[in-house]
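Numbering-wise, the sequence shown is residues 894 to 966 according to the numbering used here.
Certain hints may be false.
So the derived label-pair ranges between C-beta atoms look like this [as the list claims (entries may be wrong)]:
no. : residue 1 : residue 2 : range
1   : SER954    : GLY921    : 28 to 38 Å
2   : SER954    : ALA923    : 25 to 35 Å
3   : ALA901    : GLY921    : 15 to 25 Å
4   : HIS928    : GLU897    : 14 to 24 Å
5   : ARG924    : SER954    : 16 to 26 Å
6   : VAL903    : ARG935    : 25 to 35 Å
7   : SER954    : GLN918    : 31 to 41 Å
Hints in this document: simulated from the structure, not taken from any laboratory. Since the model is a prediction, treat every value here as computed from it, not as a measurement. We put the CB at the ideal spot given by N, CA and C, even for glycine.
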Amino acid sequence: MIRERIAAGVYRPGSRVPSENDLMQEFGIARMTAHKVMRALREEGTIYTVRGLGSFVSQPSDANPPEDEASSK
Numbered sequence: 894m895i896r897e898r899i900a901a902g903v904y905r906p907g908s909r910v911p912s913e914n915d916l917m918q919e920f921g922i923a924r925m926t927a928h929k930v931m932r933a934l935r936e937e938g939t940i941y942t943v944r945g946l947g948s949f950v951s952q953p954s955d956a957n958p959p960e961d962e963a964s965s966k
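Please work from the sequences and hints to get the whole structure.
See below:
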């Protein structure tokens, strides 16, 4: 859902993505499901969350570091 929209350019780097409540309403999913989706996107670096402001699309370089950079960490 959200990952596909990011890939399609609907949500661009730095833009805000829907909240868990918005996901629940739009897709008719449970709160826990919405929470898991957002957590997975954060863990993979696709989005980041700013407390009190919401979640935003990460810059592509943040989500997919170059091979050399990723292996040196």
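Each hint tested on the structure:
| no. | hint | in the structure |
| --- | --- | --- |
| 1 | SER954 - GLY921: 28 to 38 Å | holds (35 Å) |
| 2 | SER954 - ALA923: 25 to 35 Å | holds (34 Å) |
| 3 | ALA901 - GLY921: 15 to 25 Å | holds (21 Å) |
| 4 | HIS928 - GLU897: 14 to 24 Å | holds (19 Å) |
| 5 | ARG924 - SER954: 16 to 26 Å | violated (32 Å) |
| 6 | VAL903 - ARG935: 25 to 35 Å | violated (19 Å) |
| 7 | SER954 - GLN918: 31 to 41 Å | holds (32 Å) |
Hints 5, 6, counting from the list given before, are not met by this structure.
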